[in-house]
Amino acid sequence: MDFKLTKTQMLQQELFRKFAETEIKPIAKDMDEAEDYDRELLQKLQKIGAFGIPYSREYGGQGADVLTYTLCMEEMSKVDASTGITLSVHTSLCCPCINEFGTEEQKQKYLRPLVDGSKIGCFGLTEPGAGTDAAGVRTEARLEGDYYVLNGTKMFTTNSGFADTFIVFALTDKTKGPKGMSAFIVERGYEGLSVGPNIERMGIRAASNCEVIYENVKVPKENLLGKEGQGYKIAMTALGGGRIGIGAQSVGIAQGAIDETLKYVKERKQGGKPIGKYQNTQFKLAECQTKVDAARLMVWRAATEKDLHGNYAPYAAMCKYFASDVANEVTRQCVQLFGGYGYCREYPVERAMRDAKITEIYEGTNEAMKMIISGSMKV
Amino acid sequence: MKIVVCIKQVPDTVEVKIDPKTGTLIRDGVPSIINHDDKTGIEAALQLREQLGGTVTVVSMGPPQADVALREALAMGCDEAVLVSAREFGGSDTYATSGILAAALKKIGYDLIITGRQAIDGDTAQVGPQIGEKLHVPQVSYVEEVKEATKDYIVVKRQFEDGYHIIKIKTPCLLTAIAELATPRYMSVRGIVEAYEKEIKVLGFEDLKDDLELDMIGLKGSPTNVYQSFTKEVKGAGTILTDLSADEAVKAIIDKLEAKFII
Chain A
1 MDFKLTKTQM LQQELFRKFA ETEIKPIAKD MDEAEDYDRE LLQKLQKIGA
51 FGIPYSREYG GQGADVLTYT LCMEEMSKVD ASTGITLSVH TSLCCPCINE
101 FGTEEQKQKY LRPLVDGSKI GCFGLTEPGA GTDAAGVRTE ARLEGDYYVL
151 NGTKMFTTNS GFADTFIVFA LTDKTKGPKG MSAFIVERGY EGLSVGPNIE
201 RMGIRAASNC EVIYENVKVP KENLLGKEGQ GYKIAMTALG GGRIGIGAQS
251 VGIAQGAIDE TLKYVKERKQ GGKPIGKYQN TQFKLAECQT KVDAARLMVW
301 RAATEKDLHG NYAPYAAMCK YFASDVANEV TRQCVQLFGG YGYCREYPVE
351 RAMRDAKITE IYEGTNEAMK MIISGSMKV
Chain B
1001 MKIVVCIKQV PDTVEVKIDP KTGTLIRDGV PSIINHDDKT GIEAALQLRE
1051 QLGGTVTVVS MGPPQADVAL REALAMGCDE AVLVSAREFG GSDTYATSGI
1101 LAAALKKIGY DLIITGRQAI DGDTAQVGPQ IGEKLHVPQV SYVEEVKEAT
1151 KDYIVVKRQF EDGYHIIKIK TPCLLTAIAE LATPRYMSVR GIVEAYEKEI
1201 KVLGFEDLKD DLELDMIGLK GSPTNVYQSF TKEVKGAGTI LTDLSADEAV
1251 KAIIDKLEAK FII
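Residue numbers (the numbering used here), protein chains in the order written: chain A, 1 to 379; chain B, 1001 to 1263.
Do not take every clue at face value.
Stated by the list, open to error - Pulled from the structure, derived: some chain B residues nowhere near chain A, Cβ distances all over 10 angstroms:
#, residue
1, 1107
2, 1190
3, 1222
Stated by the list, open to error - Label pairs and their calculated CB-CB ranges:
#, chain 1, residue 1, chain 2, residue 2, range
4, B, 1201, A, 189, 13 to 23 angstroms
5, A, 7, B, 1230, 45 to 55 angstroms
6, A, 336, B, 1236, 47 to 57 angstroms
7, A, 278, B, 1183, 24 to 34 angstroms
8, B, 1246, A, 341, 41 to 51 angstroms
Worth flagging that the hints you see were computed from the coordinates, not collected in a lab. Just so you know, these numbers come straight off a predicted model, no measurement behind them. For each residue, glycine too, the CB sits at the ideal point set by N, CA and C.
Pulled out of the complex, with its shape left as it was, chain B reads as follows (with noise of 0.2 angstroms):
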């Protein structure tokens, strides 16, 4: 079974800065990192590819510095390491990205894809499913556990708000990794040593202009416009109160706020 993993290098932050004058990401100073939904992704691709055989291909598209995060997923495991980089995707919102990873899909063959649910930088869980519906396989999002896999279907339990679905699907297929779905494991210092030893293979616009013209990727060809981007407030954790009657519970309540001179 031929696996594909996409991931994507961020900054290593859980509370992402803005610059409020530019309104894009202050990356100075803060180290790059495998996106950790991602992370995810790659070691449900490892566990599989133990349980059916076959091979783990890794695919980022950006910046030649993402080939760092390649490597640490060679050092993890994987098999290939894919670099998606020009100069022409350059400013691409995630419509852009989905077409240009699923043209670099395509090029490299796959019986599975395995995305992160979402970036920690953009957020929006949306270059996984807009890659599925461009290459036209079906798929599943939330992934949060495989029950079953063979090369021709996969059983997957989806997590959902208020529950959750079991899924069985054909192959080829795309699935989003939730961070339930498996716990990355580490690198190896072996592996880390052969990482460096392989070589990362470069998919540029010239490989992939049968699938993408000009006006489909860049800024060009991004519909969004991000009007303002900002640090969210962070708001301190609730207090669950249990074990309490409806009584004890209101009273608990309002003694708190009273507490607080709210009443």
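Chain A with its partners taken away, still in its complex shape (with noise of 0.2 angstroms):
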């Protein structure tokens, strides 16, 4: 255990690095302000294969791996953490669904566009009444001939402004709670499913999330994903795997914000010297850069631990508590350390601060987490 990255992850984080630096650091902010994806960053992440990055090469992927991938969560989501939850929905939440429960045709049809990059996937599973308690979930899928009809709102479903692959969550027997939830690929084009606007939000607000309605979209038969009632396990399974993402982006978003903050208090002077000569500074900033470092770690361990097909599943739970904290936490510290121009949103720790928040709340609640990781303790 040498903790260093490979000569071929390096070089990926070059590229992740570079491009998050040239493409998205100029225009996050007015992104943001104009709570709007800019469609041509979209094809430029395409066409440098950040849509597919731990996807088979022999389904049009890049093959790397998902240590790779957080690599890339974290670099984007330094400069702007709406393009790593535009990646981490499509990558970590659509694509495993197809990838691990889709039949050779399913692959060959919907995958491999998704992992190329040329179409974009998002994934529905909340409603209005059902975030955490997914079992709650309302919508159905009627058997009729050789089509499912599906009748359902969904709730915060990024990228569905844009995305053309929908995986939907419906039940198909309401009599059986979540045993009863099948899941569905539903294109963009079928009729009857219609997207609201995008959802007005305190944070990653350049990403799309909006409401989908589905009033009687007929699916074909044979977009159903597994078998009827596999449904929970399946999105229960994506959500697994999309935690280390989102604890990547937590990564990202402290790390950001730290290296803002590094270069403002070797420039703003207060009482004759630079505030980073003076020892609060650099003890905050210590205390920061530890708890990201070790942040960071439990990332890797989680990636570590999927590549090698183990059980990875309490240590993603973990690294996105964790992570998640402490975006939040060293977000906040920055912002103190910036003073009234850090409450500004001319500088970026603004952002960021805003950004931190959901990732203690999507893609379970740091409080689901909890109940993840006792679980595994078996208390």
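Each chain sits in its own coordinate frame; assemble them with the hints.
This is the structure:
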């Protein structure tokens, strides 16, 4: 165990860093203000292969590992957490459902364009009345001849504003609770699918996050993922891996805020010297960097466990819980070190602090993470 | 078409620091990158391959660590990479280096050779043209645009101090690239994965000895002696006054000089 990235991973990290600095950083603030994701940037991300990192080249993916995916998440989120979640929902929520539970035909038809980056995916589980309690899903799918007919409303579906492929969870048997839930691949163009406007939010405002309504949407029978009743298992499997991405996003948000603060404390003078010369600043930054380093190692550990096909779920939950906590603590401290300017939208730490909050909530709240962790401890 | 691009790994800094005692480059703590003009050359080669078909081979002379620069070139989309490396090559100046690279290129084979105009560390702009001379192929330096390309000839625009030249050149030939020629693409994730799966061919002295003598290479084969290296003093950018009449311009200059107590 040498805690070092391989040469390949280092070159990947260099690619992500350079891309983020050159292509995303200059427009991140504008995207946040406009509450809209730049479509041209999506295409540039597709071009470098950012949408299919840990997927097999056999299906058009990039053939890299999960650890490389976390490097991408960190570098992109350092400058823009909205880019982080856009990539994360596609890569670690939508694609795994097809990759792990899809038939060969489904992989050829739907996974290939997703992992080669020509199409973008989203994941519809959350509903107005079903968040952490995913078992409370009310959307229904009724089998009628060669089609399932979907009816219901999904909430907070990330990427839905521009996604092509939707993974949707619906009840095929209302009497069975979670065991009556099934997963479907739905195309954007299917009749009866409508996407609402971008929901006004506190952070990750450039990301697309909308309500999606399914009204008598006819989905071909062959678009059922796995078997009827497997939906809950499919959703939980995807979310289990997705948390590694959120952990990496959190590390990125925090490290990005530290990097900006480091520059600022060397320039900002108070009492005749740069504020970085005061021990309070030095100690605060030391505390922040220590926590981020710990969080990063936890993310890498969970990613490595997934790469080795081990039981990564508890590690994923731990890294998501810890790193998101760190992101909130660190961005708050960075804003404090900036003082009044940190509260202004002119400086990116303000955005980082707003963006950090959601990492404690989505893809399973941190309270839910503690349930998973304590469960794995057999408390 | 077989296109070969010569690249150099250089320190990633526009302000090369020189050790005042030894007069050599301080490389500690400075990450290495592909020289900018060379990267432009790679992009131009990849675009020509997309247009004409064929392959792009990337060549670098240097220590085994230059491997990283070659991997990056592969990750951008080059087909093959060759590292020209041997203890005997160490200490070579531009004259010896171009001789070694010419011998390597003869071995590799080429229809078109592209080099960068000059490296940001040595700044001589000599190696490209010298390779062309030693291989007896026609060359155009300072290429800022490829206007037309076929297997038999290429039409390029060459930057010149007070204008440009449009030149039609027969292949095989050599071009040296400047930044205006192309904007280098990013590597891709998959490209990087595959770059590390490929083998980098190494050409040493033994492989090239038919075309090289020991007294033509290394320190012994280098007629250049560097007496002194120093960091160039950086001057501030000047101000250009536009849209002013002659009188206004004169006044503006005099005001400025007075404000600075020069007059």
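Against the structure, the hints come out as follows:
| no. | hint | result |
| --- | --- | --- |
| 1 | 1107 | holds (27 angstroms) |
| 2 | 1190 | violated (4 angstroms) |
| 3 | 1222 | holds (32 angstroms) |
| 4 | B:1201 <-> A:189: 13 to 23 angstroms | violated (49 angstroms) |
| 5 | A:7 <-> B:1230: 45 to 55 angstroms | violated (35 angstroms) |
| 6 | A:336 <-> B:1236: 47 to 57 angstroms | violated (37 angstroms) |
| 7 | A:278 <-> B:1183: 24 to 34 angstroms | violated (44 angstroms) |
| 8 | B:1246 <-> A:341: 41 to 51 angstroms | holds (46 angstroms) |
The structure is inconsistent with the numbered hints 2, 4, 5, 6 and 7, although it conforms to all the rest.
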